[in-house]
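One-letter residues, chain by chain:
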Amino acid sequence: MSLSSLLVPAILFFALGMFACLIKSDLKFPPDMHKMIVIYLLIGIGLHGGKALAGSDMGSAIPAVWAALAFGCGLPIIAYIILRALGKIDPLNAAAISAHYGSVSAGTYMTAVAFLAGIGVTYEAYPVIMLAIMESPAIMIGLVLAGYSRRILGGASKTDKGMMKHLIIDAFTNGSILLLFGSMAIGWVVSDASYNKIEPFFELIFMGALCIFLCDMGMEAGKRLSEFKSVGIFLVSFGVAMPLIGAACGLFVGHFLLGYSVGGITLVTVLAASCSYIAVPPAMRLAVPEANPSFYLTLSLGVTFPFNVVVGIPSYYAAAQYLHATYYPW
Amino acid sequence: MSLSSLLVPAILFFALGMFACLIKSDLKFPPDMHKMIVIYLLIGIGLHGGKALAGSDMGSAIPAVWAALAFGCGLPIIAYIILRALGKIDPLNAAAISAHYGSVSAGTYMTAVAFLAGIGVTYEAYPVIMLAIMESPAIMIGLVLAGYSRRILGGASKTDKGMMKHLIIDAFTNGSILLLFGSMAIGWVVSDASYNKIEPFFELIFMGALCIFLCDMGMEAGKRLSEFKSVGIFLVSFGVAMPLIGAACGLFVGHFLLGYSVGGITLVTVLAASCSYIAVPPAMRLAVPEANPSFYLTLSLGVTFPFNVVVGIPSYYAAAQYLHATYYPW
Amino acid sequence: MSLSSLLVPAILFFALGMFACLIKSDLKFPPDMHKMIVIYLLIGIGLHGGKALAGSDMGSAIPAVWAALAFGCGLPIIAYIILRALGKIDPLNAAAISAHYGSVSAGTYMTAVAFLAGIGVTYEAYPVIMLAIMESPAIMIGLVLAGYSRRILGGASKTDKGMMKHLIIDAFTNGSILLLFGSMAIGWVVSDASYNKIEPFFELIFMGALCIFLCDMGMEAGKRLSEFKSVGIFLVSFGVAMPLIGAACGLFVGHFLLGYSVGGITLVTVLAASCSYIAVPPAMRLAVPEANPSFYLTLSLGVTFPFNVVVGIPSYYAAAQYLHATYYPW
Amino acid sequence: MVLLSEILISMKRIEIVINEESLDDLLELLRGENVRGYTVIKKAGGFGSTGERDPDDYALQQNNVIVVLACEDEQAERVILAIHPKLKGFGGMCIMSDCQWTVGPAVSY
Amino acid sequence: MVLLSEILISMKRIEIVINEESLDDLLELLRGENVRGYTVIKKAGGFGSTGERDPDDYALQQNNVIVVLACEDEQAERVILAIHPKLKGFGGMCIMSDCQWTVGPAVSY
Amino acid sequence: MVLLSEILISMKRIEIVINEESLDDLLELLRGENVRGYTVIKKAGGFGSTGERDPDDYALQQNNVIVVLACEDEQAERVILAIHPKLKGFGGMCIMSDCQWTVGPAVSY
Ligand SMILES: Nc1ncnc2c1ncn2[C@@H]1O[C@H](COP(=O)(O)O)[C@@H](O)[C@H]1O
Ligand SMILES: Nc1ncnc2c1ncn2[C@@H]1O[C@H](COP(=O)(O)O)[C@@H](O)[C@H]1O
Ligand SMILES: Nc1ncnc2c1ncn2[C@@H]1O[C@H](COP(=O)(O)O)[C@@H](O)[C@H]1O
Ligand code: NA
Ligand code: NA
Ligand code: NA
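Protein chains in written order, with the working numbering: chain R, 1 to 330; chain Z, 1001 to 1330; chain D, 2001 to 2330; chain G, 3001 to 3109; chain F, 4001 to 4109; chain B, 5001 to 5109.
Just chain R, same shape as in the assembly (with noise of 0.2 Å):
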C-alpha cells in the first residue's frame, strides 16, 4: 500500500477543515448543514447496508452480533481500568471517557468504507449490523462504571432509577440507531426496482457528500485539539494508545473469530478502535455531570478521531493485510 492511498478525498478534506481551523479561518458551516449530511450519511450507509444483508445469509450475521456486544461491554472495562490505574483518573471522569471508547463513530466506519472503495477493496454486510448495535451497550456500562466509581467515593450510591430508566430508553430511541436500523431494514425489504430508484441519491452521490461532512468534522476536530493542553499529556497518549488497544481486540476478532475478509477485518477493527462523539457525551453528560466534558470531548473529538482517520484507517487496513496473508487459519 502506497502513501497515495492516503490520497483519498474524503481525509484530504478532512485535513483541510483541521488547516482552516489552524491557520484560523473564518471558514464556518452552517450547523443545521452537518446535521442534514449526518442524516443523509445515516440513512446511506443504513440503506447500503441492508442491501447488501438481504443477499447474505443471516445466520452468519450472529457471530457479528455478539462480537459488537463484546466489544461495547469489554473495551469501556478495559479503558476504565487503564485509566484508573496508569492515569490516576478520578473515578468519575474514568468511567465517562471509558463509555466513549466502547461505542463507535459512524464517521470513522464511513471514512473506512471511503478509503476501501478508494483502493477497490470489497468487505462483508455484516460490519454494518456491528456499527449500529454498538452505539447503545456501552452507555450501559459507563452507568455501570459511574455508579462503581460513586460507591468507591463513598457516596451515597443511590443511583437514580429514574435516569436510569430514562437513559436507556435513551439509548435504544437514540435518532441516529433509529435511523440506521430503519434504513437497514428498508434497505433489506424493498425490491431491487424500488432500490434502483433511490440509489442515485443514497449511493451515487454519497461519496461527495461524505467529503464536505468530513471537511466540516476536520473544523471541528481542529478546534478540539486546540485543547490539548487543557486535558494533559497522560489523557492525549491514552486517547492515542486505546484506539490501538480497540484495534489489536479488532483485528483479532475479526480475523479469527469471525474469519472475514481484508476490507470486513479493516472496518471490525476500525469499529473497535473508533469512540463515539454522538450518542455518548449526552448521555454522560446527563449521568455523570460530575466529569469534565472537555474531557472526553477532548479525547474524542481531538484526538480519537483524527488518529482513525489520518493514521489509523490505512495501519488498520495494513494491518489486517498481514495478517490475512500470514495467518490464514482455513
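Please note: incorrect hints may appear among the correct ones.
As the list claims (entries may be wrong) - Below, a list of computed lysine-lysine pairs in the PhoX-like style, where the Cα atoms sit at most 20 Å apart:
1. Z/Lys1035 - R/Lys165
2. G/Lys3043 - B/Lys5042
3. R/Lys161 - G/Lys3088
4. F/Lys4042 - G/Lys3043
5. R/Lys24 - D/Lys2165
6. Z/Lys1035 - R/Lys35
7. D/Lys2028 - B/Lys5086
8. B/Lys5042 - F/Lys4043
9. R/Lys35 - G/Lys3042
Stated by the list, open to error - Partial list, derived from the structure: chain G residues whose beta carbon lies under 10 Å from chain R:
10. Thr3050
11. Gly3051
12. Pro3055
13. Asp3057
14. Tyr3058
15. Leu3060
Honestly, the hints are just simulated from the structure, not real lab data. Heads up, the beta-carbon is just placed ideally off N, CA and C, and yes, glycines get one too.
Given the coordinates of chain R, work out where chains Z, D, G, F and B with the ligands should sit on it, guided by the hints.
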C-alpha cells in the same frame, strides 16, 4: 397488485418517521432541511412537468384546468355541507376545515408519482398543471364560506375588504405556487440539451430526496396524530371519509371526463383526495382567526395525509385500474 | 448566437427569483440553504479546476496569475478615478465601491461556466486560478485608497495598523478563498479513480444546484434593486459602465496577452467585469466604516451582478467570438 | 404626563431561564396559573451552577429557553410561588422586576 | 459608589413584542421618533390574546420579534405615546421599566 | 406576601448587547469578575451609533449578542466598572436595573 407494491421506499420512510414519533425517539430533522427539500421537490416536479407538457398537445390541457377549478370550488362546499349537516361543527371551524380539502398536497402527489414510478406505470403530463392550479381557488372558497358563516352567526358582516384583497394576492404570489409555475415554465422553454444538464440534480436523485422528505412528514404526522382525542371521533372519521369522497369525484372526472390512462386517473384522484397543509393553513389562520387551528391541522397532517399515503394511493390506483378495465368508454 | 442561448436554466432561475421579488411573493429560501449551496459550488468549481489543472502545463498558468493581480490592482484604481472625477462621489465611498470592482463574483463566474456548457464551448483550466487569486488583492487596494482618501480629507492619517494587519490576514484566511484553493489542491492531487467516486456529487448535479443558487441570488438582487433611488442615477450608470470597462480590459488581456480560446476569453472577461459581494463588503464595512454600505451593496448585488448575468455574459461571449475570429494573432 | 399615566399600568415582569426540554412543563405550569400571555426565546445559551450550556456546541448541544411574562402583581406572586418549588427540576433562574404595561385593545396579562 | 454614579444614567427600558411581519412598520415608527438605538431578537414565540404563536410549528409558523430599546425619559414617553395607538395593528405587547445606562464612548440612545 | 419575601432576594439585572465576535472577550471579563451565571442570546440584530446590524443581511451579516446576568449589588457594581472601559471596543450597550431573584436549590449568581 400485490402487497409488495406498498414497499415503495418513500412510503416506508414515511412509516419510519411515524414510528420514530410513536416510540418518542429524539430523531429530529432540522426545520430548514425540510424547507430546502420542499423547495427542491417543487422545482423538480415543476421542471419535469414543464418538460412533459412541452411535448404534449396544449389544447388537451384545457379540460384539466377546468377540472382543477371545479375540484377547488366544489370539494370545499361538499365538505362544508357535511361538516355542518352531519357533524354539527360550528360554521367558522367548518369553513376553515373545508377550504383545506379543496386544495392539494404536493407531498401526496409526489408520493403517488413515486408509487407509479415504482410499479412502472406512466401518466399524462396534465395532472401537474392541476396540482399548480388547485392550491389557490380553495382559499377563495374558504373566504366565501367564512363570510357566509359570519352572516349566519349574525355577527357584523363587515367583511374586511383589505384582508380579502391581501389574501387573494397572497394566494397568487404564494412561494410554492410560484416555484411550481415558474419551474414548469422553465422546463417548458429550455432546450433538451440544457435540460439534460440539470436533469441529474432534479430527476436522477429526486426519488431519494423524496424519501427524506417523507420521513420528516412521518414525524410531523405522528406528532399531529397524538392530538386525535382533542379533535373528536367525528372529525377523525371525516378526515378519512372526505378523501374518499374526493377520490370518487377524482376517479369519475379522471376516467369519464378527462379520459386519462390508469396512471393519469390515479394522479387526478390523488389530487382530489388530498388536502393542503402548506398554503391553506396560514391563510385560514389569518382569514378565520376564530377557528381552532388544531382542528384543521390535525385533520390535514395527522389524518388525511397519512391515510392517503399509506392506504389511499394504492387503493386509488386499484380503483383506477378497475374502472379503466371495466368501463372503457372508447 | 441566437436568443435561445439565453434560455440557460440557470439564468432563467435567476429571472424567476427576481420576478418573485418583483411581485412581492413570500418565496424565501432558508439563509442556511444559500450558505450550503455556496460551499458546495465553491468546492465543486475548485475540484473541477484542480483536476483540469493537473492535466495542464503549469508553466502556462503564470501569465494568468499576473493577469489576475493586474486586474485586482488596476480595476479599483480606474473605478476610483471615475467615481471621483466624473461622479464627485466623496472619497471614502469611492474607495469602498472601487474595491468591489477589483474583486470577482464566483456566482457570475459559475453562471458563465453554465452558459458555456449550455452551448458546448470549452475553455482553458487557468481562469479558475484567476478566480481564486482575484478575491484578495482588491481588498488591499481598497485599504490603500481609503488611506489616501483620509489623507485628502485632511483627517488624522493614523491608519490603524492593527486593523490593517487584521484585514490582510482575513483576506488570505477567508473561508471561500480557502475552500476554493483547498479543493483545487485536492482536485489536483487525487487520482482519477478517486476523483470519479466524488464526481457524481460535485459535477453531475452541479448545474442543477447552481439553478437553486441563482434563483436565490435573483431574489437577493431584486431586493437590492428596489434601493435604486437612494443610490442615484450616476451610481446606477456606473454599475453598468464599470463592468463594461472591466470587460474591455478582460477581452484585451484574454485574447491578446493570454491568447485563450473563445471560452477562456469569455471567462477572463467575466472575471474582470464582475464585482464581489462576498469577501469585499464585510472587509470594507470594517475598514471604511464611514462609507455607506447601501451604496456598494446595491451596486454590486442589485446592478452589476444582474447586468452581468442577464446581459453581460452573452455579450462578452459574442465579443470574444468576434475578437477571436477577427484578430487571430497566431 | 397625564396621557402617559392613563395608558400605563404598573405590573411585574418575570423572566425565567430554563433548559429547553423543560419548556413544556413550565408552560403547563404557567397555564395552570391562568397566565394569559408570555414570550418565548429558544436556542439561548448560558452559564450557571451546572456549568456551561451552549446551543452551538457540536457534540454537546444544550439549549436554554427564556420565557418573559408581564402580569399583574397578584398574578406574579402566584406564578413565583408556583415556580419556586420546581426550579430545581427545571434547573435555571427566575427573576422578577417592576414594569409598566402599555394598555392596548386586547388584554393578554 | 462614587465612580458608579458617574458612569450610570437613569433611563427607561422599553420592551416590545410584536409579530415579525410588523417589524418594519415598528422600526419606521421608532425612527420617526428619532430613536438612536434598539436591539432586535427574531424568531421568538409566545402566547397572547390571539393564541399561541410558534416559530417552530411545521404548518403554521408564526414568528414574534422582540425589540428592546433604552432611551431617556422624555424619549421613552414619546415612543410609548407613538406606539400606543398602533399596538392593535402590531398585535403584541409593550412594557417599560427603569434602568441605568452605562455611559460609553458613543451615544446611541 | 410573607412567603414571597422569603423566596425573593433583591439583586441587579445587567443586560449587555455587543457584537458577536467580542462575546468571548466579554465572557472572559465576566469570569474574571467571578460571575457565576449568565444567559446568552445570539443572532440578535439592532441599531446604534455604528448603524444597522442585521444577522439576516445577505452580504453584510452582522450579529449582535445579548448577555443577561443577575447578580448581587456589589457584584453588579464590579461588573459595570469592569465593562465600562471596554464598551468602546465591544461597541454596544450595557444597562442595569433592579430585580428580585427567586431562590432555588443551587446558587448561580
Ligand atoms: N445569575 C444568572 N444570571 C443569568 N442567567 C443565569 C444565572 N444563573 C443561571 N442562569 C441561566 O440559567 C441556566 C441554568 O442555570 P443552572 O441550572 O444554574 O446551571 C444557565 O445556563 C443560565 O442561562
Ligand atoms: N403578558 C404578556 N407577557 C409576555 N408576552 C406577552 C404577553 N402578552 C402578549 N405577549 C406577547 O405578544 C404576542 C402577541 O400577543 P397578542 O397580540 O396578545 O396575541 C404573544 O405571542 C406574546 O409573545
Ligand atoms: N439605546 C439602545 N437600546 C437598545 N439597544 C441598543 C441601544 N444602543 C445600542 N444598542 C445595541 O447595541 C448594538 C451596538 O451599538 P453601537 O455600538 O452603538 O452601534 C446595536 O446594534 C444595538 O443592538
Ligand atoms: Na470502539
Ligand atoms: Na383535494
Ligand atoms: Na472584477
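Hints versus structure:
no., hint, result
1, Z/Lys1035 - R/Lys165, "35 Å, violated"
2, G/Lys3043 - B/Lys5042, "8 Å, holds"
3, R/Lys161 - G/Lys3088, "18 Å, holds"
4, F/Lys4042 - G/Lys3043, "12 Å, holds"
5, R/Lys24 - D/Lys2165, "14 Å, holds"
6, Z/Lys1035 - R/Lys35, "14 Å, holds"
7, D/Lys2028 - B/Lys5086, "39 Å, violated"
8, B/Lys5042 - F/Lys4043, "12 Å, holds"
9, R/Lys35 - G/Lys3042, "18 Å, holds"
10, Thr3050, "7 Å, holds"
11, Gly3051, "8 Å, holds"
12, Pro3055, "9 Å, holds"
13, Asp3057, "8 Å, holds"
14, Tyr3058, "5 Å, holds"
15, Leu3060, "5 Å, holds"
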